[in-house]
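> All chains should be modelled from the sequences, with the hints used to inform the complete structure.
Protein chains: 2
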Amino acid sequence: MAEKKILLQEREIPKAWYNVLPDLPGSLPPELHPGTKKPLVPEDLLPIFPMACIEQEMSPQHRIDIPEEVLKVYTQYRPTPLRRAYRLEEAIGTSAKIYYKDESLSPPGSHKPNTAVAQAYYNKKEGVKRLATETGAGQWGSALAFACRMFGLECTIYMVGISYDQKPYRRFLAQSWGAEMFRSPSNRTEFGKKTRKEDPDCLGSLGIAISEAIEDAATHEDTKYSIGSVVNHVLLHQTIVGLEVEKQLDKVGEKPDIMIGCVGGGSNFSGFFLPFLPRKLAGENIRFIAVEPTACPSLTRGPYRYDFGDTAGTGPVVKMFTLGHSFVPPPIHAGGLRYHGDAPILCHLLKLGLIEAQAYHQKEVFDAALLFTQTEGFLPAPETAHATKAVIEEAKKAKPGTVIVFNHSGHGYFDLGAYDTYFRGKLEDYAYPQEKIEEALKSLPEVEEV
Amino acid sequence: MAEKKILLQEREIPKAWYNVLPDLPGSLPPELHPGTKKPLVPEDLLPIFPMACIEQEMSPQHRIDIPEEVLKVYTQYRPTPLRRAYRLEEAIGTSAKIYYKDESLSPPGSHKPNTAVAQAYYNKKEGVKRLATETGAGQWGSALAFACRMFGLECTIYMVGISYDQKPYRRFLAQSWGAEMFRSPSNRTEFGKKTRKEDPDCLGSLGIAISEAIEDAATHEDTKYSIGSVVNHVLLHQTIVGLEVEKQLDKVGEKPDIMIGCVGGGSNFSGFFLPFLPRKLAGENIRFIAVEPTACPSLTRGPYRYDFGDTAGTGPVVKMFTLGHSFVPPPIHAGGLRYHGDAPILCHLLKLGLIEAQAYHQKEVFDAALLFTQTEGFLPAPETAHATKAVIEEAKKAKPGTVIVFNHSGHGYFDLGAYDTYFRGKLEDYAYPQEKIEEALKSLPEVEEV
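As given, the protein sequences belong to chains A and B, one line each in that order. When we follow the working numbering, the leftmost residue of the first sequence carries the number 391, and every step to the right adds one. When we follow the working numbering, the leftmost residue of the second sequence carries the number 391, and every step to the right adds one.
Heads up, some of the hints might be wrong.
Stated by the list, open to error - In silico BS3-like cross-links for lysine-lysine, where the CA-CA straight-line distance does not exceed 30 Å:
1. B:K519 to A:K405
2. B:K514 to A:K405
3. A:K462 to B:K641
4. B:K832 to A:K557
5. B:K786 to A:K462
6. A:K395 to B:K645
7. B:K584 to A:K394
8. A:K462 to B:K395
9. B:K786 to A:K641
10. A:K519 to B:K394
11. A:K428 to A:K832
12. A:K641 to B:K514
13. B:K514 to A:K395
14. B:K462 to A:K395
15. A:K557 to B:K786
16. B:K395 to A:K395
17. B:K832 to B:K816
18. A:K394 to B:K519
19. A:K741 to A:K427
20. A:K637 to B:K395
21. A:K816 to B:K394
22. B:K405 to A:K395
23. A:K462 to B:K645
24. B:K515 to A:K395
25. B:K637 to A:K405
26. B:K462 to A:K637
No wet-lab data here; the hints were simulated from the structure. Here the structure is a predicted model, which is why all the values come from computation and not from measurement.
The structure is reproduced here in structure tokens:
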């Protein structure tokens, strides 16, 4: 039996990110200003992002060098292993080969620091003292806390109220890296105060928390805003994942036939497969499958429309498959996948038929998670398990020798409460009614399509 | 800067464990039968352990081959990285070199599966269907659950009542590998029933849980008992850690000057340093430092006496530095270090002056944990952080170039409640009074010393 773990030495880490923008077929619809609805210019983003990230957001270069200081932090936990899932293959009874990229070994336990570290570095370099962000269950918040600590930046996190109360562990983790955490809506921002005044018992939402973080950044000279998914430069930073996979598969002489990842905002899946997109564009037979929850079916059921990325409607307007920015997804345990839209790059590729999308219910997803845990040993996050489910389904019907690769984007150590609910048979599936989607779509901004 | 992560490829994993028994100077005091107080013979242990482990307990061989099937599971998570702690060195301002072996990347998050996997394999091979064990906070229980799942064995875990109630996450983790968990004292055993009858509100203790697990094994033909530390064969299995470290240090041309580990029962520290003991016996200048909590100061304040390994007094009687088997340690957060005695091999070496022992209070230990987290990024378990504290102290006073290596035995993802207590300034130190030790020592069994 060949080795299960394909390792790269530290010196083999990719030295540049892959920027898909110049390779994209068709033209990516521009991001629009939330007020004027005209295409964004770099200056519009300066109050919230550092110049380096704004440039990356629109860069025409194929490769963007990873700064030495970023590589120094990446190598605290990267390169990550690519593993062959022999035991899972055996349990499924497939003659396909299954590989998984293990992004769960980073200090915060997911792929999130790949962009957090880059963003913290560029902000530090441009003289920023503090980063503000929002977090739901805490994956992104804890990743940014880690990154800020590595570069000596302060970090302020607005955490969705109900998660702040119910899921304290990732909050404590972020605190252990020195971040200050506020229960959102907070008394720190005007928007937070206003929200609390209107509803003193408000449990918060990601939309409210984003608005608080953006306000914090926009109203403090030394502070910028940091975002964990969706936008182009975040996807760019995540390509370190796919670039490593490319080297690792080369080492064992394999080529991927199917690449699978879960999608919330789309950054882990995109970072994983985008470096392989040129192969498909060159005619290679390779499938890219995005997996989302049926409870939040933007890619599989949403229309391709211009919408706000944030609930409050203060951020850029982008074209994406969306359920409407006022959409409130059911309380599934894969909190990281409860987003109304998806990364514009990913949506553009879906529209062009270059990627596929599938949706699964959470019970079958937890079944898949358990099979993975009981064979491979590692407990996936509920988000990640969406990919695992799709892998199992594809492996069952695959021709012998098919190479299926997926992104094991994070561990489930902080999600054991959800597993307990599943063990007790209390997990619920949500069949999302079409009327609710229609209703939510009424909130879309009016945009003159080019 | 040289590479931070020293990796071994899967094929480089050591193929045999190192057995220290034939190399031990002096003669290791024999283990005694709890009833007769005469030296144990292999048959005495057969009702609870498989023959292969009993043979290892007394083996005269220097190297014991690791079975192929065990290596196959080891390589699900091994070899583990050895990391150079550049950032920690910089923060301390030391010119010593600090390396740490990262055992936190295993599926259960600690070094514990190294022996769990071996024990599960040998039991499976000898026809055993089920393993029973006890667990406190759950590190050991979850590791055995993982190992049993890998070999298709059933697993029954008696979990200390108060931990069962207050620390459910590691319980859910064990359940995700299919283990059945009972709150101890349970209604499954005579001893459990008796205990509950006497005290219906009993919160349990490790001693009670051990007694339940041993009774379960002894009263079921198809069931054996499995233990996570203290005994010789557990230390043997853990030497995979030190043997890997040896290869990794060789790769970078380093020799350790100081090796440090935390000690509860003694298995992680012993597995880490024992392969280096022959160097010291051959005259090399190398220090081995065991670190324990001041709240449970067996190595630093206990006398070297024969005592029961378990509270109920049903297991073997062994010679060790002990606080007495009736000793109930204060409720420090490093639950894995709350053991009244230590591994006989380790105690023998301490008695001979071949190793040193140090004790630290938990507040200073958490300070060290936080410094490590904020520099290296990884959050250590409170147990592990005892080693980290000693490393920092040694590094501060070390000569330039001194090579300090320690065992990062587990992560603290499941201990964030304890970190929160620390952040809130609510952590307490315990200065253990001499009278309590004197009192506990009255419970020592009467043994005729040879």
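> So, for every hint listed, does it hold in this structure?
Each hint tested on the structure:
1. For the given pair, K519 of chain B sits about 51 Å from K405 of chain A by alpha-carbon distance, which is inconsistent with the 30 Å threshold.
2. With a C-alpha separation of about 47 Å, the suggested pair K514 of chain B and K405 of chain A falls outside the 30 Å cut-off, and the hint is violated.
3. The suggested pairing of K462 of chain A with K641 of chain B holds, with an alpha-carbon distance near 21 Å, which does not exceed 30 Å.
4. With a CA separation close to 46 Å, the supplied pair K832 of chain B and K557 of chain A exceeds the 30 Å bound.
5. A hinted pair counts as satisfied when its Cα atoms are at most 30 Å apart, and K786 of chain B with K462 of chain A qualifies at roughly 24 Å.
6. The straight-line distance between the Cα atoms of K395 of chain A and K645 of chain B is roughly 28 Å, inside the 30 Å bound, and the hint therefore holds.
7. Only pairs whose Cα atoms come within 30 Å are accepted, and K584 of chain B paired with K394 of chain A is rejected, the gap being roughly 49 Å.
8. As the CA atoms of K462 of chain A and K395 of chain B are separated by approximately 12 Å, the hinted pair is consistent with the 30 Å bound.
9. Taking the CA atoms of K786 of chain B and K641 of chain A, the gap is near 43 Å; set against the 30 Å cutoff, the hint is violated.
10. For a cut-off of 30 Å, the pair hint linking K519 of chain A to K394 of chain B stands: about 28 Å separates their Cα positions.
11. Of the pairs offered as hints, the one joining K428 of chain A and K832 of chain A holds, with about 21 Å between alpha carbons and a cut-off of 30 Å not exceeded.
12. This hinted pair does not check out: K641 of chain A and K514 of chain B have alpha carbons roughly 35 Å apart, beyond 30 Å.
13. With a C-alpha separation of about 26 Å, the suggested pair K514 of chain B and K395 of chain A falls inside the 30 Å cut-off, and the hint holds.
14. A C-alpha spacing of about 12 Å is found between K462 of chain B and K395 of chain A, which places the hinted pair at or below 30 Å, so the restraint holds.
15. Annotation: proposed proximity of K557 of chain A to K786 of chain B is violated, straight-line Cα distance about 38 Å (limit 30 Å).
16. For the suggested pair K395 of chain B and K395 of chain A, the alpha carbons sit about 16 Å apart, so the restraint of at most 30 Å is met.
17. At most 30 Å may separate the alpha-carbon atoms for a hinted pair to count; K832 of chain B and K816 of chain B exceed this at roughly 33 Å.
18. Only pairs whose Cα atoms come within 30 Å are accepted, and K394 of chain A paired with K519 of chain B is accepted, the gap being roughly 28 Å.
19. Distance restraint check for K741 of chain A and K427 of chain A: the Cα-Cα separation of roughly 22 Å lies within the 30 Å cut-off, and the hinted pair is therefore satisfied.
20. Straight-line distance between C-alpha atoms of K637 of chain A and K395 of chain B comes to about 18 Å, which keeps the hinted pair within the 30 Å bound.
21. Distance restraint check for K816 of chain A and K394 of chain B: the Cα-Cα separation of roughly 45 Å exceeds the 30 Å cut-off, and the hinted pair is therefore not satisfied.
22. Restraint check: the Cα-Cα separation between K405 of chain B and K395 of chain A comes to about 17 Å, which is no more than 30 Å; the hinted pair holds.
23. Restraint check for K462 of chain A and K645 of chain B: the C-alpha separation of about 25 Å stays at or below 30 Å, so the hint holds.
24. About 26 Å separates the Cα atoms of K515 of chain B and K395 of chain A, which keeps this hinted pair within 30 Å; it holds.
25. With a C-alpha separation of about 28 Å, the suggested pair K637 of chain B and K405 of chain A falls inside the 30 Å cut-off, and the hint holds.
26. A hinted pair counts as satisfied when its Cα atoms are at most 30 Å apart, and K462 of chain B with K637 of chain A qualifies at roughly 24 Å.
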